[in-house]
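Chemist: Listed in order, the protein sequences are those of chains A and B. Per the working numbering, residue 1 is the first one in the first sequence, and the count goes up by one each step. Per the working numbering, residue 1001 is the first one in the second sequence, and the count goes up by one each step.
Derived from the structure by calculation, the hints contain no laboratory data. Since the model is a prediction, treat every value here as computed from it, not as a measurement. Don't take each hint at face value.
[Stated by the list, open to error] A short list of chain B residues far from chain A (calculated; beta carbon distances all over 10 Å): (1) Thr1013; (2) Glu1014; (3) Asp1024; (4) Gly1040; (5) Pro1043; (6) Glu1044; (7) Asp1051; (8) Asp1056; (9) Leu1060; (10) Arg1064; (11) Asp1086; (12) Ala1088; (13) Glu1103; (14) Gly1107; (15) Gly1109.
[Stated by the list, open to error] So, partial list: chain B residues that the calculated Cβ filter (under 7 Å) puts toward chain A: (16) Pro1061; (17) Leu1112; (18) Val1114.
Heads up, the beta-carbon is just placed ideally off N, CA and C, and yes, glycines get one too.
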Amino acid sequence: GDSVTQMEGPVTLSEEAFLTINCTYTATGYPSLFWYVQYPGEGLQLLLKATKADDKGSNKGFEATYRKETTSFHLEKGSVQVSDSAVYFCALSDRGGGTSYGKLTFGQGTILTVHP
Amino acid sequence: EAEVAQSPRYKITEKSQAVAFWCDPISGHATLYWYRQILGQGPELLVQFQDESVVDDSQLPKDRFSAERLKGVDSTLKIQPAELGDSAMYLCASSFLETGAYEQFFGPGTRLTVL
Chain A
1 GDSVTQMEGP VTLSEEAFLT INCTYTATGY PSLFWYVQYP GEGLQLLLKA
51 TKADDKGSNK GFEATYRKET TSFHLEKGSV QVSDSAVYFC ALSDRGGGTS
101 YGKLTFGQGT ILTVHP
Chain B
1001 EAEVAQSPRY KITEKSQAVA FWCDPISGHA TLYWYRQILG QGPELLVQFQ
1051 DESVVDDSQL PKDRFSAERL KGVDSTLKIQ PAELGDSAMY LCASSFLETG
1101 AYEQFFGPGT RLTVL
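All chains, full assembly: derive it from the sequences and hints.
Modeler: This is the structure:
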């Protein structure tokens, strides 16, 4: 079945440091890939997405590129802020239709803490 | 901005009791999902509806869990009887269609504690 593996956390950085959170996946077919963010006590919010190989998703200074050859979707940000402290989840979704229904398969999450 | 609504936000119950969670998706979203998130892990799908029909409940513990979406709008997830291992965050999400290109919008979740 489909699976997502994220780098082990937690990750602790100083403000303005460079961030990378690694994500690799296993899937049949050609999934869509997502990064979700979860702030304390809240539900998940979509951060960015990519729906086909070589697509780059970007939002709020975060970027991730869909790499089919390495089955990866690493999250990067050039300069993190204290407000970026949260839990980040990598996820994939099959395309839906036919016998599949587009459910999300999540990684285990990476806790990011940014200090001033 | 349209949001997915869930209630209650927090629920504390004793084992063997019944609990129910409610979700109201974004208007016009045909697909509704219930996920369970155990502390320190990513969410896992419990059940997925397309309109009022269940299209995936393969991971739903059907001996104690049930879900319905009678009019294809809001949905209720029930646990009876609750067990200690059911303590988790229960998240509801909705999307316009079930295809992977469409974003799933998540509600704030219901945190369940079973004592």
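Chemist: Quick one, is the proline 1061 of chain B hint okay against chain A at 7 Å, beta carbons?
Modeler: 17 Å, violated
Chemist: Grab the minimum beta-carbon distance between aspartate 1051 of chain B and chain A and tell me whether it stays above 10 Å.
Modeler: Since the minimum Cβ distance to chain A is about 13 Å, aspartate 1051 of chain B lies beyond 10 Å and the statement holds.
Chemist: Beyond 10 Å from every Cβ of chain A: is that where the Cβ of glycine 1040 of chain B lies?
Modeler: 7 Å, violated
Chemist: Quick one: work out the minimum CB distance from aspartate 1056 of chain B to chain A and report holds if it exceeds 10 Å, violated otherwise.
Modeler: Incorrect as stated: the minimum Cβ-Cβ distance to chain A is 5 Å, not above 10 Å.
Chemist: Could you check that no beta carbon of chain A comes within 10 Å of the beta carbon of glutamate 1103 of chain B?
Modeler: 5 Å, violated
Chemist: With d taken as the least Cβ-Cβ distance between glutamate 1044 of chain B and chain A, does d exceed 10 Å?
Modeler: 7 Å, violated
Chemist: Checking a non-interface call: every C-beta of chain A should be farther than 10 Å from the C-beta of leucine 1060 of chain B. Is that right?
Modeler: For leucine 1060 of chain B, whose nearest Cβ neighbour in chain A is about 12 Å away, the distance exceeds 10 Å, so it holds.
Chemist: Looking at arginine 1064 of chain B again, its CB stays over 10 Å from all of chain A?
Modeler: The assertion about arginine 1064 of chain B holds, with a minimum of 21 Å to chain A.
Chemist: Is the interface hint for valine 1114 of chain B satisfied, with its Cβ closer than 7 Å to some Cβ of chain A?
Modeler: Hint on valine 1114 of chain B: violated, closest Cβ of chain A at ~19 Å, above 7 Å.
Chemist: Going by Cβ atoms, does alanine 1088 of chain B stay more than 10 Å from chain A at every point?
Modeler: 14 Å, holds
Chemist: Would you check whether the claim that aspartate 1086 of chain B is not at the interface survives, using Cβ distances to chain A and the 10 Å cut-off?
Modeler: Holds, because the least Cβ-Cβ distance between aspartate 1086 of chain B and chain A comes to about 19 Å, which exceeds 10 Å.
Chemist: Over 10 Å to the closest beta carbon of chain A is the bar; see if threonine 1013 of chain B clears it.
Modeler: 20 Å, holds
Consistency with the previously given hints fails for numbers 4, 5, 6, 8, 13, 14, 15, 16, 17, 18, ordered from lowest to highest.
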